[in-house]
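Given the sequences, and given the hints that come with them, work out the whole structure.
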Amino acid sequence: MNEQERQDLDELEAILFRIEGTALPVTTGFRIDTADKAAWAGRKIVEAEDRIDHQRTVAEEYKRRIDEWFERTIREDRASINYLREMLKPFVLAEIQGLKKGKTLKYFGVNIAMRKLPDKADIEDEDAAILYCEEHLPQVVEIRKTLVKSVLKRALVEGYEIPGVELTPGPEEMYISGDKSHATSGQTNAA
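Every letter in the sequence shown is one number past the one before it in our numbering, and letter 66, counting from 1, is 1088.
Certain hints may be false.
Computed Cβ-Cβ distance ranges for the label pairs, DEER-style [what the hints assert, rightly or not]:
1. ARG1028 x VAL1187: 50 to 56 Å
2. ILE1103 x LYS1138: 19 to 25 Å
3. ILE1145 x ILE1067: 48 to 54 Å
4. ALA1135 x LEU1189: 56 to 62 Å
5. VAL1132 x LYS1085: 33 to 39 Å
6. ARG1094 x VAL1163: 42 to 48 Å
7. GLY1131 x ARG1166: 48 to 54 Å
8. TRP1091 x ALA1135: 30 to 36 Å
9. ARG1166 x ARG1078: 33 to 39 Å
10. LEU1189 x HIS1158: 40 to 46 Å
11. ILE1054 x ILE1074: 18 to 24 Å
12. GLU1164 x GLU1082: 35 to 41 Å
Quick caveat, the hints were computed from the structure, so don't treat them as lab data.
Bear in mind that the values here come from a model prediction, so they are computed numbers and not experimental data.
Note that the Cβ used here is the ideal one computed from N, Cα and C, for glycine as well.
Dropping the structure here:
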């Protein structure tokens, strides 16, 4: 792990374990009123977006490592739980059958109970089931109606007045792009 990644990890740990929020940056009197300043601001935005993409990649790698660590650390406990459950079940079933009332065994520090879970319908061939149910059990088949937004928008543009629907003009959005190799050349600090 290089020095930058170590610093990023320290910052990540500070964020994860800090409760208070962060303060917003103080606004300055800087204004963008020339083409040079606009180009500078655009480059800073592209650089910041590139850093965000890099940090997202780093965060995803950390999350993957944490998930791997978590699975590795609980594997043995899961195996123990499964093993002990399988050993315990015959004993519990026999003991509960001997009870006159209830399905709970109360022991020191633990209650062990058996419950009947609800039945579950497993659909193995949905098409065959739908065909049968449409003919014999129509109340089982659910038909969903929805609007196709692209066709609906086209109809509104063509002049149709559709009750309950309004065409909202899209806002102007600024897109900034730049040469990634130029924008990230040796720059790692925030704008």
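Q.
Please list, smallest to largest, the hint numbers that this structure does not respect.
A. none
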